[in-house]
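J.: Hints are included, so try docking the two chains, each in its own frame, into the full complex.
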Amino acid sequence: MAVNPEYIERYKKEAARVGSKIFVAATAEEAVNYILALVKEKNIQTVVKSDSALAAGIGLREQLENNGVRVIETSIVQWIRQLSGGREAPLDEIAASISSATGEKIEPKPEAILKAARRVLKDTYANAGLGITQADFGIAESGTLVSLENEGNARLAAALPHIHLTLLDGNCIVANLAEAAERIKNTAGGIPGHKVPTFITYLTGRNTTGDIPGALFARAQGPEEEHILILALQ
Amino acid sequence: MAAGIKKRIKNALADNNLQTALGRLAVLTKGGRRMGMKGIDFEVLRNDLHDRKEKSIANLPHLIQQFKENAAAAGAIVYEAGDAREANEYVLRLARQHGVRHIVKSKSMLTEEIGLKEHLEQAGIHVVETDIGERIVQLAGERPAHIVGPAIHKTVDQIAELLSRVTGNEIGTGSQELLDTIRDSLRQSYLDAEMGISGANICIAETGTLVIVTNEGNGQIVTTLSPLHVAIVGMEKLMGGLEDANAVLHLLSRCCVGPRLTVYTSFITGTGSAGDIGGIPLCGGQGPRELHIVLVDNGRSELRNSPEFRKALYCIKCGACLNICPVFASVAGQVYGHIYQGGIGTILTAFFHDPQRAHELSEMCMGCLACRTVCPSGIDIPRLIRNLKARKVRKHGFPLLKRVAYRGILKSPSRTESAARALAKLQQPFLDADYMIRKLPYPLGNLTDTISLPGINSSLLAGRMRSHQTPETGTKAKVAFFAGCVTAYAYPDLGDAVFKLLDECDTAPYYPAGQACCGAPAYFSGDSSTGLTLARHNIESLLLMEPDYVVTVCPGCAAMLKNEYPLLTSGDAALHKSALKLGAKVRDLSQLLIELGSESAEKATGGEIVTYHDPCHLKRGLGVFTEPRKLIEKAGYELVEMNDPDACCGFGGDALLTHPELCGSILKRKLDNIEATGVNTVVTACTACVLQLRGGLDRRKSPIKVVHIAEFLAKESTK
Numbered sequence: 001m002a003v004n005p006e007y008i009e010r011y012k013k014e015a016a017r018v019g020s021k022i023f024v025a026a027t028a029e030e031a032v033n034y035i036l037a038l039v040k041e042k043n044i045q046t047v048v049k050s051d052s053a054l055a056a057g058i059g060l061r062e063q064l065e066n067n068g069v070r071v072i073e074t075s076i077v078q079w080i081r082q083l084s085g086g087r088e089a090p091l092d093e094i095a096a097s098i099s100s101a102t103g104e105k106i107e108p109k110p111e112a113i114l115k116a117a118r119r120v121l122k123d124t125y126a127n128a129g130l131g132i133t134q135a136d137f138g139i140a141e142s143g144t145l146v147s148l149e150n151e152g153n154a155r156l157a158a159a160l161p162h163i164h165l166t167l168l169d170g171n172c173i174v175a176n177l178a179e180a181a182e183r184i185k186n187t188a189g190g191i192p193g194h195k196v197p198t199f200i201t202y203l204t205g206r207n208t209t210g211d212i213p214g215a216l217f218a219r220a221q222g223p224e225e226e227h228i229l230i231l232a233l234q
Numbered sequence: 001m002a003a004g005i006k007k008r009i010k011n012a013l014a015d016n017n018l019q020t021a022l023g024r025l026a027v028l029t030k031g032g033r034r035m036g037m038k039g040i041d042f043e044v045l046r047n048d049l050h051d052r053k054e055k056s057i058a059n060l061p062h063l064i065q066q067f068k069e070n071a072a073a074a075g076a077i078v079y080e081a082g083d084a085r086e087a088n089e090y091v092l093r094l095a096r097q098h099g100v101r102h103i104v105k106s107k108s109m110l111t112e113e114i115g116l117k118e119h120l121e122q123a124g125i126h127v128v129e130t131d132i133g134e135r136i137v138q139l140a141g142e143r144p145a146h147i148v149g150p151a152i153h154k155t156v157d158q159i160a161e162l163l164s165r166v167t168g169n170e171i172g173t174g175s176q177e178l179l180d181t182i183r184d185s186l187r188q189s190y191l192d193a194e195m196g197i198s199g200a201n202i203c204i205a206e207t208g209t210l211v212i213v214t215n216e217g218n219g220q221i222v223t224t225l226s227p228l229h230v231a232i233v234g235m236e237k238l239m240g241g242l243e244d245a246n247a248v249l250h251l252l253s254r255c256c257v258g259p260r261l262t263v264y265t266s267f268i269t270g271t272g273s274a275g276d277i278g279g280i281p282l283c284g285g286q287g288p289r290e291l292h293i294v295l296v297d298n299g300r301s302e303l304r305n306s307p308e309f310r311k312a313l314y315c316i317k318c319g320a321c322l323n324i325c326p327v328f329a330s331v332a333g334q335v336y337g338h339i340y341q342g343g344i345g346t347i348l349t350a351f352f353h354d355p356q357r358a359h360e361l362s363e364m365c366m367g368c369l370a371c372r373t374v375c376p377s378g379i380d381i382p383r384l385i386r387n388l389k390a391r392k393v394r395k396h397g398f399p400l401l402k403r404v405a406y407r408g409i410l411k412s413p414s415r416t417e418s419a420a421r422a423l424a425k426l427q428q429p430f431l432d433a434d435y436m437i438r439k440l441p442y443p444l445g446n447l448t449d450t451i452s453l454p455g456i457n458s459s460l461l462a463g464r465m466r467s468h469q470t471p472e473t474g475t476k477a478k479v480a481f482f483a484g485c486v487t488a489y490a491y492p493d494l495g496d497a498v499f500k501l502l503d504e505c506d507t508a509p510y511y512p513a514g515q516a517c518c519g520a521p522a523y524f525s526g527d528s529s530t531g532l533t534l535a536r537h538n539i540e541s542l543l544l545m546e547p548d549y550v551v552t553v554c555p556g557c558a559a560m561l562k563n564e565y566p567l568l569t570s571g572d573a574a575l576h577k578s579a580l581k582l583g584a585k586v587r588d589l590s591q592l593l594i595e596l597g598s599e600s601a602e603k604a605t606g607g608e609i610v611t612y613h614d615p616c617h618l619k620r621g622l623g624v625f626t627e628p629r630k631l632i633e634k635a636g637y638e639l640v641e642m643n644d645p646d647a648c649c650g651f652g653g654d655a656l657l658t659h660p661e662l663c664g665s666i667l668k669r670k671l672d673n674i675e676a677t678g679v680n681t682v683v684t685a686c687t688a689c690v691l692q693l694r695g696g697l698d699r700r701k702s703p704i705k706v707v708h709i710a711e712f713l714a715k716e717s718t719k
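These protein sequences, in sequence, are chains A and B.
For the first sequence, the working numbering puts the final residue at 234, and the numbers step up evenly by one.
For the second sequence, the working numbering puts the final residue at 719, and the numbers step up evenly by one.
Hint data in this document are derived by calculation from the structure and do not stem from the laboratory.
Incorrect hints may have been included.
[As the list claims (entries may be wrong)] Calculated cross-link-like contacts (lysine to any residue; reagent style SDA-like; alpha-carbon spacing at most 25 Å):
{"no.": "1", "chain 1": "A", "residue 1": "K185", "chain 2": "B", "residue 2": "C283"}
{"no.": "2", "chain 1": "A", "residue 1": "K122", "chain 2": "B", "residue 2": "Q97"}
{"no.": "3", "chain 1": "A", "residue 1": "K105", "chain 2": "B", "residue 2": "P227"}
{"no.": "4", "chain 1": "A", "residue 1": "K13", "chain 2": "B", "residue 2": "Q97"}
{"no.": "5", "chain 1": "B", "residue 1": "K6", "chain 2": "B", "residue 2": "L401"}
{"no.": "6", "chain 1": "A", "residue 1": "K105", "chain 2": "A", "residue 2": "G129"}
{"no.": "7", "chain 1": "A", "residue 1": "K195", "chain 2": "B", "residue 2": "P281"}
{"no.": "8", "chain 1": "B", "residue 1": "K30", "chain 2": "A", "residue 2": "A16"}
{"no.": "9", "chain 1": "B", "residue 1": "K38", "chain 2": "A", "residue 2": "L83"}
{"no.": "10", "chain 1": "B", "residue 1": "K317", "chain 2": "A", "residue 2": "A215"}
{"no.": "11", "chain 1": "A", "residue 1": "K122", "chain 2": "B", "residue 2": "R187"}
{"no.": "12", "chain 1": "A", "residue 1": "K21", "chain 2": "A", "residue 2": "N33"}
{"no.": "13", "chain 1": "B", "residue 1": "K317", "chain 2": "A", "residue 2": "K21"}
{"no.": "14", "chain 1": "B", "residue 1": "K585", "chain 2": "B", "residue 2": "D496"}
{"no.": "15", "chain 1": "B", "residue 1": "K500", "chain 2": "B", "residue 2": "K585"}
{"no.": "16", "chain 1": "A", "residue 1": "K40", "chain 2": "A", "residue 2": "Q82"}
{"no.": "17", "chain 1": "B", "residue 1": "K476", "chain 2": "B", "residue 2": "K581"}
{"no.": "18", "chain 1": "A", "residue 1": "K185", "chain 2": "B", "residue 2": "V78"}
{"no.": "19", "chain 1": "B", "residue 1": "K395", "chain 2": "B", "residue 2": "G408"}
{"no.": "20", "chain 1": "A", "residue 1": "K12", "chain 2": "A", "residue 2": "V32"}
{"no.": "21", "chain 1": "B", "residue 1": "K715", "chain 2": "B", "residue 2": "V610"}
{"no.": "22", "chain 1": "A", "residue 1": "K115", "chain 2": "B", "residue 2": "R289"}
{"no.": "23", "chain 1": "A", "residue 1": "K105", "chain 2": "B", "residue 2": "I280"}
Okay, chain B solo, but in the shape it has when bound (with noise of 0.2 Å):
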């Protein structure tokens, strides 16, 4: 392995190159995606085809029967490879029994998996990749960069400085130049080719036929025009009918690039026949005289009898997840190291190539949740990610500063609110006047080196609410304010706020005192069993006095209580009936006041125009977006959107330690979308985003106030 991660990181964000083909990527797959989904009924189609996936995987033994009786049938040999060399053993035997001095390959990825065309290589094979991404990336020595576009990192430039370096002449930046290259070099490995190695996108047992979809076309002709004719195909593809590969089709390109099928989708089915002369038939027609098909297993047996992480299996390969996660929009694939790249590219590491590496790449998700509401097969890759997480500290525990932060501090309300007040103090010759914290010391460093912090507040939100622990008697419904550790510690004034505007609905809120972390940042990080112990503390603590609502200003806290809650408690029948109890009554403040009908009286417009930026954990995890929209307009403002006002903040949690200048590259794309609506209030509806978008605009010394929703609303209702 070359470089460690963080190096790969810095490297990747300082390279003007790929920031530029980065920027590329965006405009291409969000218009992409848009395109896509225009016309139908995504959430059916991804239903649909999760339960296919999930059968399929589920008769994986019976399929896999049953496609090798119909492929063989129709003229196919099957091999069953156990793992990447018996894989890479069986080709370069076909290759060296047939004499083949010459391989042209289409796209796959697994191939790269297994390193087969390295294999083939070394034994002095010469292999030509005929997908164009693929083609420059060969030629370059690189890996792909992405499961679709492979060469998604390169710019016209670079492109076109190699076509000159290999080639010996002067080739043009013009893209056509640069195809019409290309092209034509390929065109004669084709023609020299003996054999042709594709791999395949499903495969379809009833008939014992392969799908392949290109858009380029160079898969027409490698499937076709060599004698031989190998598929290298994972045996997570295998699926029953016709039926089941059309659900597979309808999405995979809607996902990937937006058009509804790819250019050529192509059905093959053992080898074919030029009819006959003279009563002989003449076998194998124009297509393959050979069509062999390699099943790679290769940890897919040990991935499908993990129950935590079976669904990576659903995965097509569209690259949807790619496209819209905020670390791949920063750093592109290379920088994972290995074959796959992204959320799902870090299970499918764990278990194909390599745990720890796995664990690593596992460190540089935001947790923002946005590739889960575009996955085509419902695979909650966020939920994998917290799986692996889970699965390391079992292993392998849990480094000190965590263990100290979550399992001596956080677990416990009493001494996190110890810690908080020595950290008050502590926190003293670090602090501006303005209360900022601009640069911490060695090893807190991290924290400062992209936002500035705000300080500890003196006068925790525990002390300001002793009054305030039981709801007021009477008929009014009773709400729980659920704080959540930003709140209590730095913005404390939020419960102020947070009591007026349920005090103006009419309801009785209150404060529930011995409330604690509520969990996620331990969870998430993989510690289950401070999550557990939190969340049965906090189940008891909330519930206590029969509240009709239990209201959050911090969406992370929210999804943590109503989502994972009932989770994380399902081995203990009591505690998840009162887990699921809680969950019903969670609410997050925005959704609450709309659902109470807040009256706030209609204002004037003001003149003041407004942004809004989405918390993901609102947005995605609770699905509350339309609301704090209505609130902000109903307060008498107009809202201007910022460009991607769902796309995350940077924050990340735990990533935020890990890997700052990732946070910060996140972040610098939110702060340029918020200054370029030319806004001086960008509103949000979490504590965290406050604090990020805040500790950033705060760097740039920017003038534009963030402010958290529930102060908003409170300081507007009382102009």
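So here's chain A without its partners, still in its complex pose (with noise of 0.2 Å):
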């Protein structure tokens, strides 16, 4: 996809109109900047996020950890992966590390495993400061961010936590709907049987409610805030 600055200004001007907080970071310093001063500025101590190659790029992982922060991966591979020390493990090391992360025996069987996990990350999606995601393209014209995903992991890591922060490629955003769709369809579903992936979601601007009166853009139940930081990286 190739680089559009009118669709970046485009993109920036409709969500800032939705309620999301936006960022252009030029370069990675400025991006990891940005978050590490979001971190501070809220006294955020755990981050939630999701399987992300713009945030490998940029170092974010090692920098918040850097700064103190806690960071807990999504993904339940990744989740395996971080628990057993950023390395392939097998299946009885990995009960064995489930287990002693969570006080309960688990069998070294990967149906055991899934559900010791899904029940640990249940509980940490909602007690994170901040989910960190990444779009897998915005859409210009609404300010919308669209995340194509198997697992659902990261759709809780946006609606849980009190913060969200999305990483958005400055060179994937589309014009409208339209375009949206067209991407969509021409992207595999990734598990057999399905032409499309199991979870789509455009999530355009910061969660309201209008049901309490006097209350017409308050959050409602997704987070406080919605940031959206653009790597357009020269």
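T.: Here it is, written out as structure tokens:
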């Protein structure tokens, strides 16, 4: 996808209109600094994150950890890897690590491990100060973030933490809903039988409710703030 | 069923909290609509959506098959439920199989329709609504008051009191505190739930995908965090592909509260996966392990098979028609007594619930056409309501009073005239010196509950016009004047005004003999046969002398002649052709004066400021709203717009008899808006609006004069 500065400008305008906080970073350092400042300002202790090539590219996890922030990977495979000290571990070793982390005896079987991971992570999302996810692309006309996934962790990391920050590649912005649909149709489902990925979320602005009089644009049940960090790296 | 409809309306109108809350709704939705329509061509988008919906409903059996295949391939389990009982039992069985004790639920009107929550609760399962408004309504033990804003009828004080009672803690009335209280309690419910129940806004057949929109984020959590997700979906939600879904998404949020898209738009296709460990897949990932989709019929096939009503299935449940409905603005949704509210809800109630109840609801409609102008799917809701009334008349006949009024009197011009003469005498004891009737006895007392009525003029129009029954011979355009009943019997002076204005335009006006009631009162009450008799009669009388134009001063009549006669006569090819011919000649007076280039000389601004009320059928039925304004300004007046100039005045035809207090409440808002302008004169262009506004202002003892534009301009031209 080609860089389109017009799309970035439109995107910024529309996303701001619906209550998102936008920052465009021209360098990795700017991006990291924005997040570090946010973490400091909000006194965030724990971050949950989903798989993100952009985060890896700017060394985000290491930077956060160096600043004393606990970073928890939320895709189960990465979560296990993190528990296992960053390497591939055999099933019994994984079960043992989970058992010692949770205090429950876990059998060294994938199903038992999956169940345990679901249980642990469920509580983790809601207790995290910040959720960091990566959007697959943005939609300029509405300031929307689009994320495609099969696991469901990204949508939980986007919905449950106190604050949510999305990384968006400045090169990955489409004009409108029609182009978004085209792009989705060209994305393989990734699971047999799926023509499209299991979960596709269009996130447009900060969650709101009009149900309480006098609190028209108040935060509803999702994060208190939606940050969008566009990486337009030179 | 609790209280009857009249009692429910009365209670709602007397409920100060409700009225306060409704004021909030009006401000909210008006601003929202303005924002939502910005930068789009609504007509283009809604035609597109209408066509896609039309196609989807036509192809429904195929789409269901396709959806089932694709959803199943992606790991979902699809169950087709014929009715409410089947759907409810399926979900309960599932809950029992999985030992479910706690359920969280996002908003779904369909689950309200089938009573799913009650069904599960009776089986001892704890069900928590997670939409904040829906949760408030649940805690209060009520039903949603609005498709989109379930708790729109509650004030902050009421919510605070409710939460204090439920939690046992003193909860303050700060909006933020209320929100935090509800959010925190819901967080725990999500974690405890073993099943999440949602609806869906769209089902995409090509990919087997559910599309669910929420603004609060609860939809994301309900559909992801529990090991079981059950989506309850009406089969009319099926559409072909992503492009079809886009057509809905383009308009859903814009029409509802204004933003371009809802905050969360979630596409769910089957069940997920977290990849694998050691080559063994981690099925379900962190989302539900099982996804069940219950496709519900419950009356939808019958609706689909009813050509007169099928379009009701195009509804995307955006709530735009409720937001603009003058009846809804007076009483909110709970008055409707079942699940679906407003005009569209009346039709849905007829097919999904109880035809009798629906007939009762149909009588609340003012026929103002506002809903039709905002519907994103292009559903002509007022027409569906008329069809419902016609169905009722076909099945159950007419009540005596209407039978006498429509079939006994209005159906025949001579009997109408005799009746008017008789009434002109009978009214004497009730007539005040200024020719107004302020109190009628039983059984007509309803009519003077909220307005004063004009007396029947003893000098009927037909008599005055006896010497004007043929047009002047020559080359001038022949203009047939169709008076309509209100002009003929209450305001015959208008006839003189019309002739004067048309003479000044150098045309040859005349009053075709034998003209009858246009038939609208009977037709819109569901009496198609009287409508047809009168259509036939008027088409013949009006076309007899081959006029160039047929002009009216009542847009209700004009819309009837122009828009309805061709439909009414569709069964008779020759008559239908004549109806179309007549329709092409029909003009509202203002429209014709502008078309003829009325050259009433420019006058110096006399300084008087007037306001203008848009009659519903003139603006929305005939698309005429700039013409009267131009004429007023051309006559040298300064026009100041009132708030909502095109809101209904509450005349409401039939409703005036059945629900005068409802009409009175709609009238009150109109009169408040008129008075707020500070003018001495309000001009309008419909005889029924004149009657209603004069009658209402008289009750207020207001000095503001209501003038029909014909008289207003005619008086001006003699100065």
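J.: All hints, please: hold or fail.
T.: Results of checking the hints against the structure:
no.: 1; hint: K185(A) with C283(B); verdict: 23 Å, holds
no.: 2; hint: K122(A) with Q97(B); verdict: 23 Å, holds
no.: 3; hint: K105(A) with P227(B); verdict: 21 Å, holds
no.: 4; hint: K13(A) with Q97(B); verdict: 50 Å, violated
no.: 5; hint: K6(B) with L401(B); verdict: 19 Å, holds
no.: 6; hint: K105(A) with G129(A); verdict: 29 Å, violated
no.: 7; hint: K195(A) with P281(B); verdict: 19 Å, holds
no.: 8; hint: K30(B) with A16(A); verdict: 23 Å, holds
no.: 9; hint: K38(B) with L83(A); verdict: 51 Å, violated
no.: 10; hint: K317(B) with A215(A); verdict: 24 Å, holds
no.: 11; hint: K122(A) with R187(B); verdict: 11 Å, holds
no.: 12; hint: K21(A) with N33(A); verdict: 15 Å, holds
no.: 13; hint: K317(B) with K21(A); verdict: 31 Å, violated
no.: 14; hint: K585(B) with D496(B); verdict: 21 Å, holds
no.: 15; hint: K500(B) with K585(B); verdict: 20 Å, holds
no.: 16; hint: K40(A) with Q82(A); verdict: 24 Å, holds
no.: 17; hint: K476(B) with K581(B); verdict: 20 Å, holds
no.: 18; hint: K185(A) with V78(B); verdict: 23 Å, holds
no.: 19; hint: K395(B) with G408(B); verdict: 20 Å, holds
no.: 20; hint: K12(A) with V32(A); verdict: 19 Å, holds
no.: 21; hint: K715(B) with V610(B); verdict: 15 Å, holds
no.: 22; hint: K115(A) with R289(B); verdict: 10 Å, holds
no.: 23; hint: K105(A) with I280(B); verdict: 21 Å, holds
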